[in-house]
Amino acid sequence: MTSLSDTYTLSNGVKIPILGYGTWQVTDPQEAVDGVKNAVKVGYRHIDTAQMYQNEEFVGKGIKECGIPREELFVTSKLNNMNHGYDSARKTIEESLEKLDLDYLDLFLIHWPVVKNNGGDWKQDNIDTWRALEDLYDEGKLKAIGVSNFAVPHLNNILENSRIKPMVNQIRLHPGVLQKETVELNRENDIVIEGWSPLSPMKYLGEDTTVQEMADKYGKSIAQLLLRWSVQHGFVTLTKSVHAERIKSNADIFDFELTDEEMTYFDGLTFDELSTPEDFQER
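For reference, each letter of the sequence shown is one residue, going 1 to 283 in the UniProt record's numbering.
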């Protein structure tokens, strides 16, 4: 992968840009609008939001004002946990389209596989919810469909009980959190992997002399090294900032390549304070 314009091809032929601009925690209306516009100005063409983020309306405004034709952008949103079930999912996906002021979404994901207080029947819950995504996909309102934060049991449940396989799984991925079994199952089923929270290890690496030597060698920041690690693993990578310079810096990762030895070093890092996959904060 050599540029911000590079893409992966999903199992249905839709192309997804390899680096996405995420909008988690961006709830200030103007910051959300400006963030999208600044990202597009730098060259991002992949914008990621969610019902849970409560900013779809502002993200949509940024898309309208960015000056780029709609068909050149890849826009993702995700289902709020409270909106599981066939009827609720259909209704609220239509509401997301209205808030974003879009005729279609390039990708829509079930945000989390297990809804709290749902009586423990997450399997049927996900099957019913997924059926709504399948139907809206057939109707052309969703150009691609997938899941987020689905581990092996959740993925297998969908794979065994669906007529359309997920095209994407968006999960937490960075040094210290590799989720190898889930990554392997995704790849076995031609499911493109998106990595969120790629910069989580940054606060632990400031005094790591090996990482600092890499940064000096390439003239890059630790954040850029972590993003490059994610891209070189073949993950669609989601990064977020509301600051124009940082948005630009996060995209400046295509003029160098980590060696196999450097990739292995990052792969081997562990951080006791980072959550286990089962305990990730919802985002």
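Check each hint, because a few of them may be wrong.
Unchecked claim - Straight-line Cα separation of at most 25 Å, SDA-like style, residue types lysine to any residue; simulated pairs: (1) 248 with 258; (2) 220 with 208; (3) 123 with 73; (4) 99 with 162; (5) 37 with 123; (6) 64 with 82; (7) 15 with 102; (8) 203 with 256.
Hints were generated in silico from the structure; no laboratory data involved.
Structure-based check of all given hints:
no. : hint         : in the structure
1   : 248 with 258 : 20 Å, holds
2   : 220 with 208 : 15 Å, holds
3   : 123 with 73  : 33 Å, violated
4   : 99 with 162  : 28 Å, violated
5   : 37 with 123  : 39 Å, violated
6   : 64 with 82   : 28 Å, violated
7   : 15 with 102  : 19 Å, holds
8   : 203 with 256 : 23 Å, holds
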